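Work out the full structure: start from the sequences and follow the hints.
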Amino acid sequence: MDLDSHKRQRKATSESKSVDSNRKLKSEKAFERKDERLQFIHAVDVASLEHKCVPIMGASKEDVAIELQYPTLQRREKFELVWGKDKIDAVEASIRIVRLVAETYLTDAEAEPFTNQNNGFIRRLEKASNRNIQDLMGFKAALREYNETLLALVEDGVVSKNLDNLHELPPHLAAFILDQVYDRTVAPKVELLSKYENGTDYVYGELLHPFITKLLVEQTKMTSDQVFVDLGSGVGNVVLQAALEIGCESWGCEMMENACNLAEAQEKEFHARCLLWGLEPGEVHLERGDFRKNSSIHDALKRADVVLVNNKAFTSQLNDDLIRMFLDLKSGCKIISLKSFVADSKSSHNINDVGSTILEVEECTYPEGYVSWTNAGGQYYISTRK
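Take 1 as the starting number for the sequence shown in the UniProt record's numbering and just add one per residue.
Just so you know, these hints were derived from the structure itself, not from any lab.
If you're wondering where the values come from, they're calculated on a predicted model, not measured in any experiment.
All C-beta atoms in this analysis are idealised placements derived from N, C-alpha and C, irrespective of residue type, glycine included.
Among these hints, one or two may not hold up.
Derived Cβ-Cβ restraints for the label pairs, each shown as a range [unchecked claim]:
id	residue 1	residue 2	range
1	Lys293	Asn261	15 to 21 Å
2	Lys34	Gln379	24 to 30 Å
3	Val190	Asp299	29 to 35 Å
4	Val54	Val190	18 to 24 Å
5	Arg131	Val361	35 to 41 Å
6	Leu166	Met325	32 to 38 Å
7	Gly289	Ala152	46 to 52 Å
8	Asp225	Arg37	30 to 36 Å
9	Lys85	Asp135	46 to 52 Å
This is the structure we're talking about:
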């Protein structure tokens, strides 16, 4: 999408829903001073000549290195202009980052050097990377000027001041940051998630960013002073999205060791990335083990406003156990699930009665492209604790 349509979309979104005025987006720490100790995974650590990628734009081995400034005082990220299957695309990432900075962190007037249709940084980067007329030196020159211009705006306090006036994060920016985290931590080791058993509670699947935005922003209308809990949180994607996009206290619990290890890596990179982007997420708590036996999760559930359970592949016994846990939920708490706890809890007549007694269930439909395990759409359920 081009910049103008993104700007229109942002304004339309702000006008169509209430803004959480209590949400504080800015990380004070990100603008105080450069933290030389800040550890994050550079793109070059995932996609480089060392990783058997090949140079692009006619670059020689000596010319592939580039650095990218983020809208804070923190150090720049290192990329290489290379290509490799399923690897980070430095050219596309550079253009996306410049665009996201211009549209989110700057006013229209401040963004003019970035967005000018004739000679703005975005236009110059796009022209230089055009497949028919690839201009390596032009691309690197535009990137250097972008770095210097943005850093000057950060040092002058312009970006920090603009962030103070923002109370919501555009969903496409949140999704991009979360993808950055995932691409540097989970994607290189994604084969570890294939070692799951069908027909058991150990089956892995992800709800994708647009689905979670719809659930948390549009349907349950979560705010930053609320509590979110994901039961069976996998590698932590949804927990991190809730903390970043909503700014709420966000909990997750997972029992599979490989997923827990990747979730831990994601959480570490997530906090570093938020600092790079100058953003303050909500509290993140990722627990290991069986959520039925985790006291911290039970305590969080008593305060929860929204609970997510991707129970598409859960056994009937586990779904029955969950209904017992839902007895502790406060009135009005929303439970989002892929299977209904009232219609499908048939293993015990009494438990089924409990489900229908304590929950009001609304059946909804999600379109294609909302879950990782199929391209097709499907049903999901929003249950409200009576």
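Taking the hints in turn, this is what the structure says about them:
As the Cβ distance of Lys293 to Asn261 is approximately 20 Å, the hint placing it in 15 to 21 Å holds. For the hinted restraint 24 to 30 Å between Lys34 and Gln379, the CB-CB distance of approximately 49 Å leaves it violated. Between Val190 and Asp299 the beta carbon distance is about 32 Å. The supplied range of 29 to 35 Å therefore holds. For Val54 and Val190, the Cβ-Cβ distance of about 22 Å falls inside the hinted range of 18 to 24 Å, so the restraint holds.
For Arg131 paired with Val361, a C-beta distance near 51 Å fails the hint of 35 to 41 Å. Look at Leu166 against Met325: about 37 Å separates their beta carbons, and that is inside 32 to 38 Å. Judged by the Cβ atoms, the range 46 to 52 Å given for Gly289 and Ala152 holds: they are separated by roughly 49 Å. Range check, Asp225 to Arg37: Cβ separation about 31 Å, and the 30 to 36 Å hint holds.
Take Lys85 and Asp135: their Cβ atoms lie about 25 Å apart, and the range 46 to 52 Å is violated.
Taken one by one, the earlier hints fail for this structure at numbers 2, 5 and 9, listed in ascending order.
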